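Use these hints to put chains B, C, D and E with the ligands onto chain A, whose structure you have.
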Amino acid sequence: MADEFFYGVTLTGENSSVTWDVVSDEDYVRGQKLVIKQILLGAEAKENEFNVVEVHTVKDSVQIPIAVLKAGETRAVNPDVEFYESKVTFKLIKGSGPVYIHGQTIRDDVEPVDMEEED
Amino acid sequence: MADEFFYGVTLTGENSSVTWDVVSDEDYVRGQKLVIKQILLGAEAKENEFNVVEVHTVKDSVQIPIAVLKAGETRAVNPDVEFYESKVTFKLIKGSGPVYIHGQTIRDDVEPVDMEEED
Amino acid sequence: MADEFFYGVTLTGENSSVTWDVVSDEDYVRGQKLVIKQILLGAEAKENEFNVVEVHTVKDSVQIPIAVLKAGETRAVNPDVEFYESKVTFKLIKGSGPVYIHGQTIRDDVEPVDMEEED
Amino acid sequence: MADEFFYGVTLTGENSSVTWDVVSDEDYVRGQKLVIKQILLGAEAKENEFNVVEVHTVKDSVQIPIAVLKAGETRAVNPDVEFYESKVTFKLIKGSGPVYIHGQTIRDDVEPVDMEEED
Amino acid sequence: MADEFFYGVTLTGENSSVTWDVVSDEDYVRGQKLVIKQILLGAEAKENEFNVVEVHTVKDSVQIPIAVLKAGETRAVNPDVEFYESKVTFKLIKGSGPVYIHGQTIRDDVEPVDMEEED
Ligand SMILES: [Mg+2]
Ligand SMILES: [Mg+2]
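One line per chain: the protein sequences are A, B, C, D and E, in this order. Under this note's numbering, think of the first position of the first sequence as 25, with each following residue one higher. Under this note's numbering, think of the first position of the second sequence as 25, with each following residue one higher. Under this note's numbering, think of the first position of the third sequence as 25, with each following residue one higher. Under this note's numbering, think of the first position of the fourth sequence as 25, with each following residue one higher. Under this note's numbering, think of the first position of the fifth sequence as 25, with each following residue one higher.
In isolation and in its complexed conformation, chain A is listed as follows (with noise of 0.2 Å):
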């Protein structure tokens, strides 16, 4: 069975980071990911800095901001992206913040069917 739970993370300052990572457990054989839903401007934010999230995810060593968010033109972005099996971080490399990063993670997520190999 799957275990789901709601990630909710802040990043406050230039150069602050969070990092999430996949658990070692034998029970989570079908595997565990991280998904991202929402990243969210903060009330507090100054008007017109701009503050981006980038990602880095280990395992296959991507680098990318995955928002870019200004008060006054952009308050929230909806990325829905998933990172799957590996350790990942995401700092805010630009701006003071708060920025919210709003998702799931999913443990042990049960995969389709394979009808072939049930044979």
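Hints listed in this document are in silico derivations from the structure and should not be mistaken for laboratory results. There could be a bad hint or two in this list.
The list makes no distinction among identical chains, and a pair is therefore deemed to hold if it is satisfied within one copy or across any two copies.
Said to hold, decoys possible - Taking lysine-lysine pairs in the DSSO-like style, the calculated list, with each CA pair at most 30 Å apart, reads: (1) K118 with K83; (2) K115 with K83; (3) K70 with K83; (4) K61 with K115; (5) K83 with K111; (6) K61 with K111; (7) K83 with K61.
Every value quoted in this text rests on a predicted model; they were computed, and no experiment measured them.
Then chains B, C, D and E with the ligands, alone, in the frame of chain A:
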């Protein structure tokens, strides 16, 4: 079978809050969750006033804003977040509203079939 | 099998309303629902006039705005909400429209398989 | 098995239109549909000109705008609507475009398993 | 089983492009696809410059813009489109970027079970 219901609640006035909870029902052995699809600022909201909705999940004690709304800038957000097996409270920590929270509750949602366990 | 249809209705003039209802059909034993994906303000809408769509679910009697639209600010919202086994009414409680409501109806949607009941 | 394809068409000039239709193929007994995910206004669109895309479903004869776009206000909408087993036409009823319509077609999509019928 | 990976690429400078392709692997008999969830304009983009991303699908040769971005107007779009079994190229046909493309690749995705074929 899953019981699904539209979820719609209103927050009006700073510090107003609403709580959703799982129900005690042995029929719902496979899980209960609340999905938040949209948070919307009412037409009566004051121009340029921030309205911030914070969520508090009781089980794992996460406390984080999930909506920052402002008339003339951000009328609605679509967080698409899910809360599993936990009492959650939504509180208007800034602003006078009204703010509308929309989504659905799913109780006893059947998990995807685990073929290995079925063998 | 599920019957699925595009749902598209127009509200024009304050207090205009449309109603969707489940149908009486013993073939639809597994459920009927209406999903609202987008609510859109027409090009003819008056500048700076609020257009507010309220939903009223008859079965559990929830009454709440699900769209607040204003030309020049918010042209469309994407509530992505679902109404299950209940008559629902959408009413333009503020503004003169036109407002377009888009989504789909699903009747007799097959539930995920419950293996315990199959044993 | 389902055949899935990216769907991308362009409307340019008032009253230009495109039509999608189901194909006659006895292999596609379980259904064909067109899903519209995004409607986007081109960079060449005139400032402050409304561009309105209307859909017309032939089978049940619904005719309704699904996108209202305006440079400087609304660059894109995400209707996420589906058209089932019906010829549909998209027409630019207002504006000169260009407007891009994006989505996917799914033919012979396998329905969720109905266990009662399988017994 | 399905192999899923986060997809994140950057386009910088007019006419820069990136290509995704299916891989030759007999294990992936059930299909490979690329899903594009978000296209985001970088903080460094020039004010009022249009940035247009065009997709070109090799197999069926569709060529169409899928993102029109402009600082101060449209920071991000969420096309949520899928490309199946085809080499696809994304090209920045207008603007100097940077533009970030986010999504996921799914290889060997198991199709929904076709019970008739299983009998
Ligand atoms: Mg979604
Ligand atoms: Mg969606």
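Hint-by-hint comparison with the structure:
For the homomeric pair K118 and K83, the shortest alpha-carbon distance inside one copy (24 Å) is at most 30 Å, but the shortest distance between copies (33 Å) is not. Within a single copy, K115 and K83 get their C-alpha atoms as close as 17 Å, and across copies as close as 27 Å, so both meet the 30 Å cut-off. Neither within a single protomer nor between protomers do K70 and K83 lie at most 30 Å apart by alpha-carbon distance, with minima of 34 Å and 33 Å respectively. Taking the shortest alpha-carbon separations for K61 and K115, both the intra-copy value of 16 Å and the inter-copy value of 21 Å come in at or below 30 Å.
In this homomeric assembly, K83 and K111 come within 30 Å of each other (Cα to Cα) both inside a single copy, at 7 Å, and across copies, at 24 Å. In this homomeric assembly, K61 and K111 come within 30 Å of each other (Cα to Cα) both inside a single copy, at 18 Å, and across copies, at 21 Å. In this assembly of identical chains, K83 and K61 lie within 30 Å of each other by CA distance both inside one copy and across copies; the values are 21 Å within and 21 Å between.
Of the numbered hints stated above, the single one contradicted by the structure is hint 3.
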